[in-house]
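Q: Listed here are the chains, written in short residue letters.
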Amino acid sequence: MHGYAYVVAGWLVLVGALGIVRSRHLVHAIVSLSVVQSGTYVFLLAVGYQWNVPAPIFTSRSAVTRAVVDPVVQAMTLTDIVVSAMVTALLLALAVQIEKTHGTVDPDRLRALRG
Amino acid sequence: MNAVLIGVALTLVAAAGAVVALTGRPGRQAVTLSAYGLLLALLFLVLQAPDVALSQIAVGTVVVPLMVLLAVRRIRRGRR
Amino acid sequence: MTRTVRLVVFGLGGAALAVLFALALLRMPPFGTADHPYRDLAVAAAAAHQTGNAVSSVNFDVRGLDTLGEEIILLGSVVGAATLLRPARDESERREPRGGRVLDSTALLCWVLLAVTTLIGIDVVVHGHLTPGGGFQGGVVLATGLHLLYLAGSYPALRRLRPLSWYQWGEGVGAAGFAAIGVAGTVAGGAYLANVLPLGTLGHIASAGTVPLLSLAVGVAVTCGTVVLLAQFLTQELRITRRE
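Chains as they are written, first to last, in the UniProt record's numbering: chain A, 1 to 115; chain B, 1 to 80; chain C, 1 to 244.
Chain A on its own, in the form it takes in the complex (with noise of 0.2 Å):
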């Protein structure tokens, strides 16, 4: 269990890669670029994570000496989902784009065009 979290991290970010270096279509490479990004959301949140404590949420004054899951990372992630989805959105836009102007979106037709 130690770290099999980072271990999963890391298995994202491959497997997304190996969909990207497989992808016959633009949108399908964009959608395992987010698989490759949502490993940084896995491996950020492990970090901060500690055995059997709540989320970093407090009701009153009294429970903030309680110990709670790293916050900092848990807004890093948030940071990062936004911009994933930011990214993919412009991404996806540019494919649309792309389709207009060459008439496909396998990447190695594309190649081929610009040969």
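Residues from chain C that keep clear of chain A, each with C-beta distances beyond 10 Å, as calculated:
id : residue
1  : T106
2  : L114
3  : T117
4  : I120
5  : V126
6  : L164
7  : T186
8  : G190
9  : Y192
10 : V196
Covered by chain B, per the in silico footprint, the following chain C stretches (three or more residues, Cβ under 8 Å):
id : stretch
11 : 135-148
12 : 224-230
Non-contacting residues of chain B with respect to chain A, defined by C-beta distances greater than 10 Å in every case (computed):
id : residue
13 : A35
14 : L38
15 : L42
FYI, nobody ran anything at the bench for these hints, they're computed from the structure. Note that the coordinates shown come from a computational prediction; the quantities given were computed from them, not determined experimentally. Virtual Cβ for every residue (Gly too), placed ideally from N, Cα, C.
Mind docking chains B and C on chain A? Use the hints.
A: Coordinates of chains B and C only, in the frame set by chain A:
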């Protein structure tokens, strides 16, 4: 108990991530991506990160898959 | 580069990365450790500013400048996607989108759900400093709820509830509001995004100083940004005539 829950959630996420990345057809990927987003949100809940889970449910299971679906349909129509 | 060569290159690179990552993991603190120095500092900072939700405290108080950067990424991405997805010169927008009939009960359910999600979204935004949530999560919920109208088969109703220019303005106003609160911090507190408002008592709705205001600004920006973004993709899909 916590260790078991986290272990199960991590395993599900690892498997679902592979399914999403290796699903060949982007149209179907929108569906697997949505399911993957939900599993990630469950993992975040188990890891005591409700803020992140909430954001992941809204973004990862609804908004991003919807954009993927619309983009795929637009591209498919253009190519016909 | 053929597909086989590309896969081989990826295999080598991936294997090397996996080895380096495994070596790095050996020096990592174990998963679930009790030793979290940043946690201790962040929780102390949240308590000092009477913020119940320590994640919101990090996002809007301690790391406020990063969140401003995130807002600008959001703005840039929305503007970029809107520019890319403008109807091209050889395309024309249809007035009436094709729309199948939807059962009345489905439509009713979607309207009810719209009301529910709107309430939940507002609740999540305004209590972001107390309970899980905040401007970002609530904003996405609000924007998603609005698109239930599309499921209700009422694209015209969606377009009526969604005068897009308002949302484009909203996006800008939200981001500008965030920046303006930061400037107010400079004027009153001597540092950009300084938490200058009365802090109140932890757990009360009026607490945490500028945190709920910044959260609200982000909520407005994210709601509007997401609506504008989804609108671009919906327009592409529904209202651009096919080139046959």
